[in-house]
Each structure stands twice: as C-alpha cells, then as structure tokens.
Amino acid sequence: MDQIKKEALHNEEVKKILDEMQETYQIDKVQDLIRDNKIEFSYEDREYRVRLLNAKEKDELDMVRRRKFGQLLKDKDILLEKDLIIAYQEKGIDIEDLDSKIKNLNAQIEAQNYKLGEALAKSPGDSILNTYKKEIINLTYKLHELTIQRGHLLEYSLENHLQNFIAQAISYLCLDIKVEDKWVRAFGTLDDFMSQDDRLVNLVALYSLYLHYR
Amino acid sequence: MLDTYLRKLAKRTEILNLFTAAKDMHCFELFENKKDLSKLQDSFLSYLYFYSSLNNDVSARRVSEKVLLDEIFENAYAYYRNNVKEEKLEIESNKQRTIQGVFSKDNTIKFPKEDK
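One line per chain: the protein sequences are A and B, in this order.
Using our numbering, read the first sequence as starting at 2 and increasing by one per residue.
Using our numbering, read the second sequence as starting at 4 and increasing by one per residue.
Here chain B stands alone, though its shape is the one from the complex (with noise of 0.2 Å):
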C-alpha cells in the first residue's frame, strides 16, 4: 500500500510542478536533507521522473490519456516505451557494427552505401 500513496503523492500537479521546477533550476530543494537520500526519498524521485515522462508523453499525444487512469496501464506504457527505445538503440548499434565491419577488412576503408 505504501507504493500505491507514494505513486499517488508523485503523481500530484503540485508536486510534479515543483519537481519539474527544481530540476530546470538544477536545484533540488524537494528534501530537508540535501544529500544520503534514504530508500523512500529514493524511490519517490523515481516516481517523479517515471511520471514527468509519462505527462510528457501524454501531452506530445504518443500515448492516451487513459494510461494515467491505473497504475497497471502506467507500467505496462512504460515497460512498452523502454522497449521500443532498446530496440531503437540496437538497431543503431547493429548499423554502426557494420561500418566497423567494412572499414577493417583488408587494410582499405570502403564505406557502405548509405539507407535510402
């Protein structure tokens, strides 16, 4: 129970504003203590970020409103979205293997075609 209260707190306009405030001013003021966060301090700005970037994509329109109304579709968008981007970056790191590939090959720099 204590996750859900924590997830609902993070998740209040006020809090998230705050947030998205001290993070633009490079300053977090969000704690009494500045530093040595404990767990629950640790966790919370988890829930911080994982909200700010789930309102991001809510208002860039790359996911529906509903995602916000459970925490089971929240986690689910998110798992979703970390994916597509690993799979983004290995697609990325496969291209660049293959530039690698060509330019060792017998001492002769030969450059791939580029994608069109």
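Chain A on its own, in the form it takes in the complex (with noise of 0.2 Å):
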C-alpha cells in the first residue's frame, strides 16, 4: 500500500515538474515573439519573415479591400449581416435575442467583478472570493457558448467574408523571404500565397495575427 502511495506522489512530482518545464519553454516562447515587431522562422529550409506592413502596403491593403468588397456586394448568394439576422428571424432564430441574452450575460460578468474586487480590497475568507470566482468561471463559459453560436450563425455573412480576406491578404502582404540575404517578398500575389502548403499559409497566419491584431 505504502509502495503505491509512493509512486502516486512521485509521479505527482514527476508531472509538476514538467508541466513547470512546459510552462517555463512557453514563457520563453512569447518572450521570443515579442522581442521585435517581426517574427522570423524556417519552413522547409527556407528562411521566412513576418512583419508589420508599411505605409506602402497598407495603401495596397485598401486598394484589394475596396475591391473585394465591391465584388462581394454583387454577389448575390452573400447578405449582409443585418439582412441575414432578417432572414434567420423569419426561420424563427432570433439573433437580437441572443445579444441581448450576451449583453445580459457581459453585465452580470462585470457586477461580479465588481463585488470580487471589492471583496479583495476589503479583505475577507478564501470562500466568499471563490464563490465569485466560480460563478464569474460559470458565467463567462455560457457567454463564451453564445458568441461562439453568434459566431457560427453569422458565419457566412458579407462582413465575415471580407474579414477573412483581409487577414488573408495582411497574411500575404507582410510575408517575406531571403534571398542571397536580402528580404524580399515571399509570393507575386495572393492566390500564389493561398495556393501553398496549409501549414505554410496557417504558421504565416497565425504569426501576422500576433503583429497586427492579436
């Protein structure tokens, strides 16, 4: 029994110490990334850069912005966020309903932070602040459930779309590569970008994200 106790502590130890190693190897990590405003990695043996867009490029950015939403305004398979709430109300989903339900939710996260800190402030037992603490955890997971089900049910919405294009085309835009030591820019144009290995494209993407929007 004794002998079973043991190991059970011991690989308690075992996993402290490498969830501490973990969490030591991924501070160091972010320390990384936020060292410069750009990001530098390898793929394949080929040096890449991610950077901020410079005024250039961001004139750039407008241009193929204001296109793309032009033509998005044409198509007419793709509404715009109000018409498609219009539509989803009359397949009776009611999406004001379910702001209000969010706003609701956000108001009552915020009266709770208010009395947790307080509470904090004044100093009392561990138990009162656990209980706001457990219930500002229990309401921030439904507000959490609703954006995301807002999330999915505006999914295909003209603004979602240009959204995603314009992080697609940041992706593109501030993406270098070097060669014979010099920066230069790693693709001709989008779709050559987008036409790349996934991982490629997702690292590049994830990378500009921690620059431009975080």
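Hints are computed from structural coordinates only; laboratory data are not their basis.
Glycine is no exception: its CB is placed at the ideal position from the N, C-alpha and C atoms.
Misleading hints may appear alongside valid ones.
[As the list claims (entries may be wrong)] DSS-like cross-link-like pairs, simulated, lysine-lysine; straight-line CA separation at most 27 Å:
| # | chain 1 | residue 1 | chain 2 | residue 2 |
| --- | --- | --- | --- | --- |
| 1 | A | 123 | A | 135 |
| 2 | B | 38 | A | 39 |
| 3 | B | 26 | A | 59 |
| 4 | B | 37 | A | 183 |
| 5 | B | 42 | A | 59 |
| 6 | A | 134 | B | 37 |
| 7 | B | 69 | A | 39 |
| 8 | B | 26 | A | 179 |
| 9 | A | 123 | B | 91 |
[As the list claims (entries may be wrong)] Not the full set, but computed from the structure, chain B residues with beta-carbon under 7 Å of chain A:
| # | residue |
| --- | --- |
| 10 | 68 |
| 11 | 72 |
| 12 | 76 |
Build the complex from these two chains, which are given one at a time in their own frames, with help from the hints.
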C-alpha cells in the first residue's frame, strides 16, 4: 500500500516538474515573439519573416479591400449581416435575442467582477472569493457558448467574408523570404500565397495575427 | 493560452524591475524596435502597466496579496479599482458643474458654501 502511495506521489511530482518545464518553455517562446516587431522562422529549409505593413502596403491593402467589398456586394448569394439576421428571424432564429442575452451576461460578469474586486480590497475569507470566482467562470462559460453560437450563425455574412479576406491579404503582404541575404516579398500574388501548403499559410496567418491583431 | 503566458512573463519580478527602471529613465528599451510596436508588444506593455499598478496597490496594502494568485482575481480587482476611480471623478465633475451653475445664474457671482 505504502509503495502505491509513494509511486502516486512520485508521479505527481514528476507531472508538476514537467508542467513547470512546459510553462517555462512557453513563456520563453512568448519572450521571443515580443523581442521585435517582426517574427523570423524557417520552413522547409527557407528563411521567412512576418513583419508589420509599411505605408505603401497599407495603401495596397486598402485598394484590394475596396475591390473585394465591391465584388462581395454584387454577389447575390452573400448577405450583409443585417439581412442575414432578418433571414434568420423568418426561420425562427432570433439573433437580436441572442445579442440581448450576451449583453445581459456581460453586465452580470461586470457586476460579479466589481463584487470580487471589492471583496479583495476588503480582505474577506477565501470562501467568499472562491464563490465569486466560480460564478464568474460559470457566466464566462455561458458567454463564450453564446458568442460562438452567434459567430457560427453569421459565419457566411458579407462582413465575415471581407474580414477573412483582409486577414489573408495582410498575411500575404507581410510575408518576406530571404534570397541571397536580402528580404523580398515571398509570393507574387495573393492567389500564389493561398495555394501554398496549408501548414505554411496557417503559420503565417498565426504570426500575422500576433503582430497585427493579437 | 498565449495571453496567459504573456501575463506570466509580464508578472515576473525581473521584467517588472526592468520596466520600472525604463519608465523612470523615460527610455523604453524593452524591445529591439524603438517604434511601431506590434499588437503583441502593445498587449505586453499594457500588462506591464497592469502588474506594476497591481503591485503598487499590494505594497500600499490597498488590496490583499491574494489578488496575485489568480488571473480572475487580478481582473476583478482592476475592474473594481477603475470603477471606484470613475465614481470619484464623476463626483468631482458634478461638484464643478454646481459651481458653474451658481456663477452664471443672474450675471452675479455667488460662490457656493464650502462642504464641511
């Protein structure tokens, strides 16, 4: 019996050390990501760099964004968010009701945060603090559920299409490749970039997100 | 998860000390780039201000040390503190409005009685 207890304790300690090592590794990675306003990485023996857009590229982005918006507006299969909400309403799905529930949950979370913050300032016992904490976790979980539900319902709105396109365009514009010790734009066109290996496209999208949106 | 690690990094004593020193000397050399912060750097800087202010409040005993045990505690206390500040500002602004009203009533200056 003692041996089993000892082993369980040992396993627990090993897990704790591994968790701590993993955490240290992740924090070091984050430290690398914030060291500069650009992120360099290797992919299939080539050196790439994701960086912030310069003024010229921002103009280029604005131009392609306006062009895409015009194209999307002409497409009869793509509805604006407000029209999609009306279409859902006709099918008995009430997005405005969902919005009001989200607003209400946000207000409840703020109220609980205020109470917990006040309690921390006045130093009461741990049980009160943990009660507020559990309530905040519970409300936040419900809020995430509704927000995800709303996101799925409006996934095919024109605004969402445009937002996805902008994210792709930024990723394409901010990606450089090293050629003979010089950084040059990695791909000639957005289509070229988008037709690359998914792993590369997703990695660039992630790094671009860190630099431009977080 | 990235946010959690960003917070843990900003919370490290050595990083906060570096930040305080940089702030005192009015030179931010926390990053290799001197300008054009990325969004991630921007968030990190916000967390440095956040934890610096939180640590000040803990040192001044305005809040229990327990606040630093949990992200939810940290956020809740920051929310409470900002709201209390806003409430105080609103009271101050209401006081000023009262003074202006008395001043412009009938083109004479009537000073309000001081609060005791």
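Hints and how they fare:
1. 123/A <-> 135/A: This hinted pair holds, its Cα atoms lying about 19 Å apart.
2. 38/B <-> 39/A: Answer holds: residue 38/B to residue 39/A is near 12 Å, not above 27 Å.
3. 26/B <-> 59/A: Between residue 26/B and residue 59/A the Cα gap is close to 32 Å, so the pair fails against 27 Å, i.e. violated.
4. 37/B <-> 183/A: Since the Cα atoms of residue 37/B and residue 183/A sit roughly 22 Å apart, the hinted pair holds (cutoff 27 Å).
5. 42/B <-> 59/A: holds, 16 Å
6. 134/A <-> 37/B: Status violated; Cα separation ~39 Å.
7. 69/B <-> 39/A: Since the Cα atoms of residue 69/B and residue 39/A sit roughly 37 Å apart, the hinted pair is violated (cutoff 27 Å).
8. 26/B <-> 179/A: The given pair, whose Cα atoms are some 36 Å apart, is violated under the 27 Å limit.
9. 123/A <-> 91/B: holds, 18 Å
10. 68: Where the cut-off is 7 Å and the nearest Cβ of chain A is about 9 Å from residue 68/B, the hint is violated.
11. 72: violated, 9 Å
12. 76: Constraint on residue 76/B satisfied, holds at 6 Å.
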